[in-house]
Amino acid sequence: MIRLLLALLLLALPARAEEVVAALSQDRVSISTNFDGSEILIYGAIKRDAPPGGPPLAVIVTVAGPEEPVVVRRKARRAGIWVNADAVRLSSAPSFYAVVSSAPLETALTRIADQRWRVSTPRMIRDVGAASVVEDAASFRNALIRIRRDEGAYVRDDAGVTLTDETLFSATVALPSALTEGNYEARIFLTRGGRVVDVFATDIFVRKVGLERFIYVLAHERPLVYGLLSLALAILAGWAAAGMFRLIR
Amino acid sequence: MQIYLPIAEVSVNAFLLLGLGGMVGVLSGMFGVGGGFLMTPLLFMIGIPPAVAVATEANQIVASSFSGVLAHLRRKTVDLRMGTVLLVGGLVGAAAGVQVFAWLREAGQVDLLVKLAYVLFLGVIGGLMFVESLNAIRRARQKGPAPRTVRRQRGWVHALPLKMKFRTSGLYISVIPPLLVGLLVGVLAAIMGVGGGFIMVPAMIYLLGMPTKVVVGTSLFQIIFVTGFATLLHATTNYTVDMLLALLLLVGGVVGAQVGTRIGVRMKAEQLRILLALLVLAVCGKLALDLLLMPSELYSVGPEGGH
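Chains as they are written, first to last, in our numbering: chain U, 1 to 249; chain H, 1 to 307.
It is possible that some hints are incorrect.
[Said to hold, decoys possible] If you only want the chain U side, here are some residues facing chain H, beta carbon under 7 Å, derived: (1) F35; (2) V70; (3) R141; (4) A143; (5) L144; (6) A219; (7) H220; (8) S230; (9) L231; (10) A234; (11) G238.
Derived from the structure by calculation, the hints contain no laboratory data.
Don't be surprised by glycine CBs; every beta carbon is placed ideally from N, CA and C.
Make a model of the complete structure from these sequences and hints.
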């Protein structure tokens with residue numbers, strides 16, 4: 001869906017004199033038992049017919065995790081104790097989002113282009129209808145960004161893309177250890193003077209494997225069997241420990 | 001060594017989990033409490049999602065309680081008959097508690113209610129127990145090592161019908177009070193997401209007049225079934241039991257429970273009670289402070305439909 005939209009938007013771009021050619025070090029991330037985060041190298045070149053020229057060039061790389069609705073709650077003091085008072089439902093926010101660029105985002109991208117392509121983190125969060133629930137809906141969105149940034153789920157690096165001779169670029173995006181399954185979308189924007197010249201998009205597949213996959217699937221498809229198995233495991237472990245300690249004595 | 005938990009979807013240090021399980025296991029074996037009221041907040045602190053922490057904790061309590069009960073059975077300090085009566089009340093209470101929980105959730109603020117319930121019950125029980133055991137120690141010191149006379153009062157508990165003999169506890173009382181205690185603990189266990197040992201133990205000592213030695217084993221006995229029931233409910237309705245997390249916690253937990261049971265046997269009943277009282281009061285104080293002080297982060301993020 002997003003890619004179809006991107007394709008349509010690309011058609012609307014002016015005739016392209018410059019194009020992005022890019023690749024990822026891996027398009028598949030396997031979450032195994034000892035998974036402890038992963039680093040993805042994104043690299044490529046800018047293909048052009050004529051020698052480079054014109055307004056300053058910038059490259060922006062984004063990696064977005066699966067989007068899901070979230071609820072942000074705010075505490076307030078009621079009768080002396082702190083309780084959840086207001087809640088705002090944000091219709092979609094990515095579980096992970098990284099924006100790395102070769103120049104500060106404010107100069108690498110105009111506000112209009114940001115709005116159109118949804119590049120900066122606030123633009124990635126949709127809060128349709130939130131303003132009708134509370135007065136200061138924006139503070140809830142900012143809180144979400146702040147909390148997820150502290151958790152390492154939202155990353156912004158204004159100097160994360162290395163650009164050589166306005167032609168070669170590379171960037172690394174670190175995926176945290178607390179990663180959710182799903183299709184992650186990597187996008188690479190080429191901008192001149194803040195206007196998007198070309199976009200390249202590709203998917204990164206994040207999947208659980210082995211034991212992780214087995215447990216997850218069993219828990220969701222055979223919940224009763226899984227529950228009984230968990231209980232059996234608990235009883236067995238309790239019995240084994242009791243027996244072991246009796247032997248030791 | 002980092003380990004990725006398949007249901008919680010976070011990566012945590014395996015030794016940290018083993019250590020936490022062991023620590024709470026020792027307490028569980030010593031006092032006959034499941035340890036859920038300690039472990040669940042600790043799991044929140046290391047970044048496990050609350051729903052997964054509560055459900056998995058129930059599974060872990062099954063293991064540590066089972067390990068503890070085996071040690072107590074060998075010592076013949078489990079009143080199986082009393083345990084069964086408590087359990088009947090407990091299962092009915094747990095089923096009712098799940099309904100109450102769902103109803104409160106619809107009304108909103110379930111989070112606050114759970115916390116208030118914790119503060120109230122931990123505070124009252126911890127305070128009562130602390131004062132009582134302090135008095136007991138003082139009495140013992142004043143009178144010296146003289147054997148205490150039988151001081152069993154014949155209160156309203158003994159005037160009720162449907163009397164039953166509980167030989168292990170040396171009691172001949174009506175089944176109504178233990179059924180009610182079980183029921184209350186079951187309801188609270190389901191709402192607060194714990195085994196309920198910290199309510200059960202003082203209720204058995206002070207309300208039913210059971211000897212402290214039997215109380216711990218009997219409490220563990222009924223906790224196994226109540227938490228087992230809760231695990232199944234969580235696994236089938238919320239898919240939030242993390243087997244890998246439970247396994248790591250319970251390996252530490254069962255070993256800890258064995259160690260704890262041995263420490264508990266060597267200690268005097270009053271000392272045991274005063275320590276449990278202090279522990280309960282400490283957790284209560286921490287929760288109360290959370291409610292009273294301004295939190296450093298006013299906002300919280302949750303999935304849709306969660307609490």
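Query raised in the report: When the nearest CB of chain H is found for F35 (chain U), is that gap smaller than 7 Å?
Result: holds (4 Å)
Report task. Hold the hint about A219 (chain U) up to the distance rule: shortest CB distance to chain H must be less than 7 Å. Result -> With a closest approach of 5 Å, the A219 (chain U) hint holds.
**Report entry** Hint status (Cβ of H220 (chain U) to nearest Cβ of chain H, threshold 7 Å)
**Finding:** The hint holds - H220 (chain U) has a Cβ within 7 Å of chain H, the shortest such distance being about 6 Å.
Report task. For the hint on A234 (chain U), just tell me whether its beta-carbon gets within less than 7 Å of chain H. Result -> holds (4 Å)
Report task. Let me know if the C-beta of V70 (chain U) comes in closer than 7 Å to any C-beta of chain H, holds or violated. Result -> Holds - the Cβ of V70 (chain U) comes within 7 Å of chain H, reaching about 6 Å at its closest.
Query - Given hint S230 (chain U) near chain H, where the shortest CB pair must fall under 7 Å - result: holds (5 Å)
Query raised in the report: Can R141 (chain U) be said to touch chain H, with a Cβ gap under 7 Å?
Result: At 10 Å from the nearest chain H Cβ, R141 (chain U) fails the 7 Å test, so the hint is violated.
Requested in this report: Double-check L144 (chain U) for me: the hint is only fine if its C-beta lies closer than 7 Å to a C-beta in chain H.
Outcome: Nearest chain H Cβ about 6 Å off; hint holds.
Requested in this report: Answer holds if the nearest beta-carbon of chain H is closer than 7 Å to that of L231 (chain U); otherwise answer violated.
Outcome: Constraint on L231 (chain U) satisfied, holds at 5 Å.
**Report entry** Cut-off 7 Å, beta-carbon criterion: hint that G238 (chain U) touches chain H
**Finding:** With a minimum Cβ separation of about 3 Å from chain H (threshold 7 Å), the hint on G238 (chain U) holds.
Requested in this report: Grab the minimum C-beta distance from A143 (chain U) to chain H and call the hint holds if it beats 7 Å, violated otherwise.
Outcome: holds (4 Å)
In summary, the one numbered hint that this structure violates is 3.
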